[in-house]
Each structure stands twice: as C-alpha cells, then as structure tokens.
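Q: Next come the chains, spelled out residue by residue.
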Amino acid sequence: MKTPPMMMGGGMGGPPPFGARNGGISGGGRSGGDGGRRPRRERSLEEIMKTVWLTPENAAFSRKNGLLYLSLEGREIRVSLRRDFPFEELWSYISVLDGEEEEVGMIRSVDLFGDETRTLLTEELERRYYAPVILHIVSLKERYGFSYWKVDTADGKMEFTLHDTYKSLIHIDAKRVILLDVDGNRFEIPDVSALDRRSYRKIELYL
Amino acid sequence: MFSIDPIPSDVTEYLVWNGVNAGRLALAVRSDRDRDQRPAEEYLFADERTLYLADPSRGIFETRPLDALSSVFVEEQLSTGRLIAQTVDGPVLLTSFTNFCKDSMLLFAKYLAVLRRGDPIEVDEKDLPEAKRCPKCGMRYPDPNRAVCPHCMEKGKIFKRFSVFLLRYRADLILILISLVTLTSMSILAPYLSSGFFYDQVIDGTGRFAGELLLVLGMVVATKVLKTLATMLNNWITSKVAAKMVFDLKKTIFGAIERLSLGFFTGRQTGGLMTQVNDDSNTIYEFFCDGVPYFVINVVQVVVLTVLLFWIQPLLAALALITVPVFFLLMRWLFRNEKMLHARRFSGSKSLNSFLADVFSGMRVVKAFSREENEIGRFSSHSRNLAESDKKLSLFNNYAWPLAGLVLTVGNMIAWGVGGWMVMSDYGGMTYGKLLTFIAYMNMIYSPLDFFTDMINRTADCTNALGRLFEIMDAQPDVREKPDAVELDGSSGKVEFDHVCFSYQKGRRVIDDVSFTVEDGGILGIVGHTGAGKSTLANLLMRLYDTESGEIRVGGHPVRDLTLRSLYRNVAIVSQETYLFMGTILDNIRYAKPEASFAEVVEAAKCAGAHDFIMRLPDAYHTRIGAGYSELSGGERQRVSIARAILKDPKILILDEATAAMDTATERRIQEALTKLTEGKTTIMIAHRLSTLRDADRLVVIERGRVAETGTHRELLARENGVYRKLFTLQEEALQQAGVLEET
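Line by line, the protein sequences are chains H and L. Under this note's numbering, residue 207 is the last one in the first sequence; the count climbs by one each step, no gaps. Under this note's numbering, residue 744 is the last one in the second sequence; the count climbs by one each step, no gaps.
Mixed in with the good hints, there may be bad ones.
[Said to hold, decoys possible] With a cut-off of at most 20 angstroms between alpha-carbon atoms, the simulated SDA-like pairs for lysine to any residue come out as follows: (1) K157/H - V104/H; (2) K202/H - R133/L; (3) K339/L - F396/L; (4) K50/H - K64/H; (5) K175/H - R384/L; (6) K202/H - S383/L; (7) K141/H - D34/L; (8) K167/H - K202/H; (9) K141/H - T165/H; (10) K141/H - W333/L; (11) K167/H - E116/H; (12) K64/H - R133/L; (13) K339/L - R75/H; (14) K136/L - D5/L; (15) K350/L - I170/H; (16) K160/L - P293/L; (17) K175/H - D89/L; (18) K150/H - T119/H; (19) K64/H - D34/L; (20) K136/L - Y148/H.
Treat the hints as calculated values from the structure; they're not laboratory data.
Just need the whole structure built from these sequences, with the hints factored in.
A: Quick look at the structure:
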C-alpha cells in the first residue's frame with residue numbers, strides 16, 4: 001500500500017514538535033531563553049507497545065489557562081492532541097501526547113465523551129489542525145518561482161505566498177488540495193472542481 | 001520602543017488611556033488571533049516590569065508583572081502557534097497566532113527574555129523589520145534569509161546584468177544577426193522575383209527585362225543559393241555557440257553553488273533550485289541564441305513587410321490586415337490552452353513513470369503480499385489518465401490549428417477578392433504580378449505572429465531562469481572565512497567546545513550549551529540516542545555550520561578565525577553516510593590527497609581493512625563504482641571511506657558511527673584498523689553502539705542537545721541512575737541475546 005502524501009515532514013521542514021523544547025509541563029520554555037528540563041523518562045518496551053485507550057471512565061480532560069490537561073490515574077498532565085489519520089479520521093484515532101511528545105493514550109473517538117468534553121476536544125483539534133478553506137481565488141500572480149495569492153476564505157480575505165507552486169500544492173486525493181505557504185501556513189481547498197470557474201482557471205495550471 | 005510589527009496609533013493611545021506610560025514601553029508585537037484562536041487584532045507590549053495585552057476594538061486590556069513569569073515561549077502547532085507564559089501556577093496561554101506572525105512572536109519571546117533579565121534591548125540588525133521587507137513594495141521577503149523580492153525584481157535589471165555575460169559571445173551573436181538579416185532579405189526578395197517581378201517585368205513583354213528569362217532565372221537561383229548559405233552559416237554558429245554557452249552557464253551556476261555553505265543545500269527553499277540548474281541553462285541559451293535573434297529579425301520582417309504591403313496598395317493592405325489582430329489574439333489563446341494540455345500530459349506521464357519505477361523496485365513486496373491484481377488496477381488508472389490527456393492534446397491539435405488556418409484563409413480571401421477586383425478594374429495601378437507579390441508577403445506576415453505569442457512565454461521562462469541564476473550567485477555563504485583568517489599549523493590537536501549553542505531552524509535548538517575538551521591525542525566518545533545532536537557536533541567542528549553562540553576551538557584557535565582550507569586539512573570525518581563518487585576505487589581513496597602514491601593507497605586500504613575485498617574484485621583498485629557499475633556493500637563502502645580518511649592523515653579524526661553499517665565480525669576488524677589509525681591523533685568517536693567506544697578516554701553523553709553526563713566509562717557506570725549505565729545495561733543484554741542467536 002502506498003502511504004498517503006504526508007506533508008508533515010516534507011519540504012516545509014515539518015511542524016515543530018509540541019512541548020518538547022518548550023518545556024510544556026516539564027519546566028521552563030527554551031524559546032524564551034531560560035529554564036531547565038526534566039530528563040527523559042525511560043519507558044520500557046512493554047510501555048511503548050501498549051495502547052492506553054482513553055475513555056470517560058479512566059480519563060478526564062479539562063482546560064486551564066487556555067491549555068489542555070488530562071487527568072489519568074490520579075495524575076494531571078498537560079497534553080496535546082494529534083490525529084493519527086489527519087486526512088481521513090478527523091474525530092477518531094486521536095493520540096494524546098504529553099510534554100515530552102510521548103503518547104499517554106489514544107482516543108478511539110471523541111464521540112465517546114460527553115458533550116462538554118467532546119466540545120473541548122473538538123475545539124483543540126480544530127485549533128491544532130487549523131487550515132482556512134479557500135472559497136475563491138481573487139488573484140494569483142507567479143513571479144520568479146514564487147506565487148502571490150489573494151483569496152477569500154471562511155475566515156475572511158487572506159494574502160499569502162507560495163514557493164515553488166507545484167510542490168506547495170499537496171494533493172490529498174483527486175479533489176482535495178492543501179497549500180503550504182512560505183510561513184508554514186496551511187490552506188485547504190476541499191474540492192477543486194467545486195471552485196467557481198474564474199478561481200479554477202487561475203489554479204488549473206498548477207493542478 | 002522596538003516595534004516588531006507596525007503598531008497603529010490608536011492602540012498606543014488605548015494603552016495610555018489605561019494609564020500606561022508609553023515612553024517606557026520597550027517591545028511591541030501584533031497577533032492575528034485571540035486566545036481561542038479566533039481572528040483578532042491583539043497587541044502585546046512590554047516594559048521592564050510589565051507585559052500588556054491590548055485589543056482596543058474589543059476593549060481588552062490585561063497586564064502581567066514580568067517577575068511572575070519564569071519564561072515566555074512560543075509553542076508551535078501546525079499552521080498556528082501559541083505564546084505561553086510559564087508562571088508559578090503552571091503555564092498560561094497568552095495569545096494564539098497564525099504562522100504569519102510566527103517570526104514576530106519568536107522575536108518577541110527572544111527580546112522579552114532580555115527585558116526580564118533587566119538588560120537593555122539591543123536589537124540585532126537582522127531582526128529589524130526593515131531587514132525583512134522589500135523597501136519598494138513593503139512585502140515581506142518570502143525567504144527571510146535572502147533579501148530578494150521576487151515581486152519587485154526588475155526584468156530590465158536582470159537582462160542588463162546578464163548582458164555582461166552575453167558580451168563574451170558578441171562576435172558570434174553579430175554573425176548570427178548578419179546571417180539572419182541575409183536570410184530575411186532573401187526571403188523577402190524571393191517572392192518578389194518569382195511572382196510580381198516575373199509577371200510584370202519578364203513575361204508581360206512590356207517590362208524592362210522582357211525576354212531575358214535566363215538572367216531572371218539566374219537571379220532567382222542566386223537568391224536561393226544566398227539564402228541557403230545564410231541558413232548554413234546560421235546553423236553552424238548557433239550550434240557552436242550553443243555548446244559553449246550552455247557549458248559556460250552550467251559552470252557559472254555550479255561554481256556559484258559550490259561556494260555556498262552546507263546550510264544552503266539543506267534549506268528547504270533551495271531543493272528546487274538545484275534540479276533546475278540543467279533546465280535553466282538550456283532555457284537561457286535558447287532564449288538568447290534562438291529567441292532573441294529571431295525576435296529581432298521577425299520584428300524587422302513584420303515592419304518591412306507591412307511597409308511593403310502598404311506601398312504596393314494601401315487600401316488593400318488595410319483591408320487584408322484586419323485579420324492580423326484577430327489572428328494574434330487567437331494564437332495567444334491557443335498557446336495558453338496547448339501549454340495547459342501539455343503540462344497535464346507531462347504530469348500524467350511523470351506519475352505513470354514514477355508509479356512504474358516504484359512498483360518494479362518493490363516487486364518483491366508486491367509478490368510477497370500478492371497484490372499484483374491491485375497494482376494492475378492502479379497501473380490502468382494511471383495509464384488511462386495519460387491516454388485521456390493524450391487524446392485531449394491531439395484532439396486540440398486537430399481542431400485548433402485548422403481554426404487558425406481558417407482565419408488566415410479569411411485574410412487571403414479578402415486579398416484575392418478585393419485585389420482581383422482591383423486588377424480587373426485597374427484600380428490604383430494594381431497588376432496581377434503585384435497581387436501575387438502582395439499575397440505572398442501577406443502570408444509571410446503571419447508566420448512571425450505565432451512566434452511572437454510564444455515569445456511572451458519564453459521571455460517569462462528566461463527571466464525566471466535568470467532570476468534563479470542570480471539568486472544563487474548572490475546568495476552569501478553562511479560560513480565565511482575571516483579576511484585575516486590564520487592557518488592552522490596542526491601542531492596541536494586539542495579540541496574545545498565552549499558553551500556551544502546551535503539550531504538549524506530558528507527557535508529550535510539542536511545543541512544547547514555543550515562544553516567539553518579533548519586533549520591533543522585524546523579519544524573522546526560521544527554517546528546518545530539517535531537524534532540527540534551527536535552528528536551536529538561533528539558538523540560544527542568541521543565548520544559546515546557556524547555556532548549560534550559559544551565557541552569551538554581547535555589547537556587553541558577559534559574555528560571561526562581559521563582558514564577553511566587549513567581546518568579541513570587537519571580534520572577528517574568518517575561518517576555514517578559514506579559518499580563515494582563515480583569513478584574507480586583508487587580515485588575515491590585518493591580523493592583527499594590526489595598526489596598519493598600507489599604504495600600509500602595500498603597501505604591506507606590495508607589499514608582500513610579494505611585491501612582484501614578490493615583485491616577480490618576483478619579490476620582491483622581500478623574497479624569502477626557508482627551509477628551503472630558494480631555496487632559495494634555498506635561495509636565495503638565504509639572501509640573505502642576510512643581508507644580515504646587514513647590517507648588524508650589528519651590531526652583530528654571524527655568517526656561518526658563509522659562502523660554502524662557493519663556486522664559484528666567486520667566491526668571488530670575495522671575497530672582494529674581504527675585503533676591503528678587513531679594513534680597519536682585526537683579522535684572523536686560518535687556512536688550509539690557503546691561497544692565501539694571501548695578505547696575512549698572520556699565519554700560525553702548527549703541528551704536532546706545537552707550534555708547529560710560526562711566521565712570515563714568506569715565513572716559513568718558507577719552512577720546509580722545514570723543515562724549511560726542504563727544504555728550500557730540495555731545494550732549488554734541485547735548483545736548477549738544476539739550472541740546466543742549467532743551461536744545457534
């Protein structure tokens with residue numbers, strides 16, 4: 001089986017890891033300049049291979065000071081969520097990672113949790129995987145290997161720049177395209193063929 | 001105040017209104033999302049005591065005393081980020097932002113740390129907003145490391161700059177132009193002689209050359225001969241110049257690239273540049289040797305022909321040329337569509353080819369999982385796509401070009417109709433001969449037209465290619481030799497790392513405050529998990545990159561003060577990724593010391609344990625390796641590269657997982673070779689297999705870019721909860737198990 005065209009580690013240098021170098025729960029942030037770090041906890045092979053399924057029975061999520069926390073087995077740790085299959089399963093197969101980027105457990109589906117927690121998890125995921133949907137391409141200019149875009153998105157007008165347009169358009173499937181700009185922003189066109197004719201004409205050459 | 005982003009005056013006023021002393025503010029930044037990541041315009045300010053967050057449009061004003069924050073850092077998500085403050089009560093989210101604001105936020109965090117320490121802010125020149133924006137259009141440079149604004153890059157400037165390069169070929173270009181002028185004038189003369197002139201002056205019986213058929217025929221033949229000669233001359237020069245110019249261009253580009261530091265090659269923006277080198281030189285050559293001369297000639301031809309047409313019969317010319325603009329527009333449209341279809345066909349065939357390459361090289365897996373049926377299905381779908389775009393392209397070609405021909409015919413019909421009427425009614429001195437010449441010329445006007453439409457695309461392609469060329473030529477190597485750099489004499493091989501910090505990407509530290517010393521002739525082992533930053537230390541010592549802060553000293557000199565040549569001469573690296581160039585084994589061993597004698601080469605190979613396997617190869621040291629030739633195994637390649645390092649005989653030797661690709665038996669043999677090699681040399685051994693490090697005097701354990709432990713093997717083992725001890729026990733167990741397996 002061919003792996004789907006992942007963009008996470010690709011040309012863009014990949015998204016930087018959560019927490020690890022910023023301290024997360026484990027101490028001071030390094031981007032800020034100071035603070036120490038807890039040494040990595042060695043995990044046994046058994047621990048690595050075992051999947052802890054998080055359910056309302058064993059896990060409770062909460063938000064404190066704008067950040068997500070998980071209470072598990074009497075511990076409260078700051079966590080971040082990752083989609084295991086970000087292009088297919090938006091609300092299922094969610095890995096919960098701690099500040100050291102190690103998996104604490106997995107969520108089979110956010111629907112297993114009650115309304116409040118589900119909203120919390122959904123919000124966190126939407127924020128992490130934020131990619132404005134392009135509704136209309138206002139203008140698209142190609143200059144010396146860079147392309148300058150002006151688009152209307154669900155979040156309003158946006159302008160961005162792509163480097164090497166062909167490579168910055170990532171085809172998820174026949175219809176869906178993700179654009180990666182020079183700053184590392186992501187934009188999405190869920191269905192290219194559903195774009196209005198004038199927008200389609202502009203992007204057509206790069207498809 | 002250092003405003004990382006422009007701050008609107010009403011925001012500052014809002015702060016003042018809230019009682020902030022605006023004169024004391026030291027730092028300001030803008031964020032485009034709020035805490036819940038909704039679109040917003042939030043501003044963060046700081047003075048030496050307080051952090052402010054303000055959004056006048058929503059009436060938000062918050063303050064936080066700086067001394068309550070132990071740090072402020074940026075946490076990156078996918079396309080967004082968060083600014084988080086560490087407080088006694090745990091981390092607090094200050095604001096979120098999209099990656100548009102990421103660089104600004106990283107700067108904010110960086111300078112906030114300075115403020116918190118109580119130091120005055122001294123802004124690094126490269127952090128100034130002016131350094132990041134194009135002074136002309138105000139847009140941010142797409143690549144922050146290069147002050148090139150593609151948006152404002154002027155075509156004129158690019159071509160002007162390139163003309164210097166072209167001057168080298170001026171003699172050839174002039175000859176090309178002369179041949180083209182001859183060619184064109186002959187093509188204009190020929191129809192006149194064979195049609196208008198022939199009818200009116202020769203056959204008609206009343207003309208000046210009546211009856212002198214042979215003379216006129218001779219003239220016609222002469223023009224043909226001259227035209228052929230001009231064509232031959234043109235072809236001869238062009239092919240001569242082509243080879244020379246493409247060669248020169250490639251040399252220039254390659255030379256410019258070679259000069260750059262390793263950072264350039266690993267930078268994401270340049271991956272595409274490299275593959276373009278070949279295509280670009282061809283594009284540039286084609287434009288200047290094919291495109292420009294033809295363009296000049298065609299412009300002249302169109303002008304001359306138009307003048308001639310109007311001279312023959314102005315009214316007829318005006319009527320017949322109505323179709324020209326229509327034709328021009330039509331051609332543009334057709335070219336655009338054709339290009340698109342070609343692009344689609346190209347990508348179709350590319351994906352089919354890569355699919356085939358993928359499947360054929362993975363045939364074992366396909367068979368093992370019995371997925372043949374499935375793969376055939378995938379092949380069909382790729383193949384169908386390609387066939388579909390092929391069909392579209394040929395359909396297009398079949399209906400589009402006849403359509404263009406139709407427009408031409410319309411022009412012709414007008415000329416024939418109106419012209420014929422003119423000849424019959426003897427309007428304006430029109431004769432049959434003149435009409436024939438007229439129509440011949442008119443058709444000649446059309447052929448340059450389609451060239452013009454294509455010229456627009458070619459100019460764009462060429463400016464792109466030139467833009468990239470100059471970009472490479474202008475790129476500054478990150479690692480630069482000081483003008484007063486000193487030679488490393490190699491008398492001492494002492495290596496010191498002094499509080500070294502380094503990051504490949506901004507804000508993402510790979511090496512964090514690493515210090516250690518290796519005495520002259522000493523052996524240091526560096527241990528750590530994969531990805532801990534061990535190889536980066538080697539890269540820094542080789543000065544493939546420069547440290548962010550801290551200093552590396554070799555033989556007592558900071559590496560920054562040394563000439564790169566003398567540094568490279570004294571330091572050799574045998575790394576986990578061995579790279580052998582295409583050529584013979586001999587060439588590869590001699591790579592670092594081309595003047596080495598055969599005896600030296602053999603000795604080095606013997607030291608590296610490579611001699612035996614080399615002698616088993618049919619052509620021994622002359623065995624060709626590399627693409628298309630015999631392939632060496634991983635262990636063999638490594639031994640060749642060790643031989644290469646031995647031959648170089650450096651003062652300092654870095655062994656970066658040098659024996660990782662070998663089985664235990666081979667490794668043991670190589671270890672012996674290495675012991676010989678490392679005699680009297682300062683050696684840094686990097687490994688995650690600890691058995692490799694038996695001979696090290698001292699060990700440094702690296703964990704996530706930091707020195708976790710340091711000491712001798714014995715000292716480290718004695719540590720109760722030490723990282724090394726844990727690693728060692730784990731590996732010992734694994735080795736014992738492997739040993740058992742080997743025996744059975």
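Q: Now tell me if each hint is right for this structure.
A: Hint check results:
no. : hint            : result
1   : K157/H - V104/H : violated, 39 angstroms
2   : K202/H - R133/L : violated, 27 angstroms
3   : K339/L - F396/L : holds, 11 angstroms
4   : K50/H - K64/H   : violated, 29 angstroms
5   : K175/H - R384/L : holds, 18 angstroms
6   : K202/H - S383/L : violated, 27 angstroms
7   : K141/H - D34/L  : violated, 31 angstroms
8   : K167/H - K202/H : holds, 16 angstroms
9   : K141/H - T165/H : holds, 11 angstroms
10  : K141/H - W333/L : holds, 18 angstroms
11  : K167/H - E116/H : violated, 40 angstroms
12  : K64/H - R133/L  : violated, 38 angstroms
13  : K339/L - R75/H  : violated, 62 angstroms
14  : K136/L - D5/L   : holds, 18 angstroms
15  : K350/L - I170/H : holds, 16 angstroms
16  : K160/L - P293/L : holds, 17 angstroms
17  : K175/H - D89/L  : violated, 47 angstroms
18  : K150/H - T119/H : violated, 32 angstroms
19  : K64/H - D34/L   : holds, 16 angstroms
20  : K136/L - Y148/H : holds, 16 angstroms
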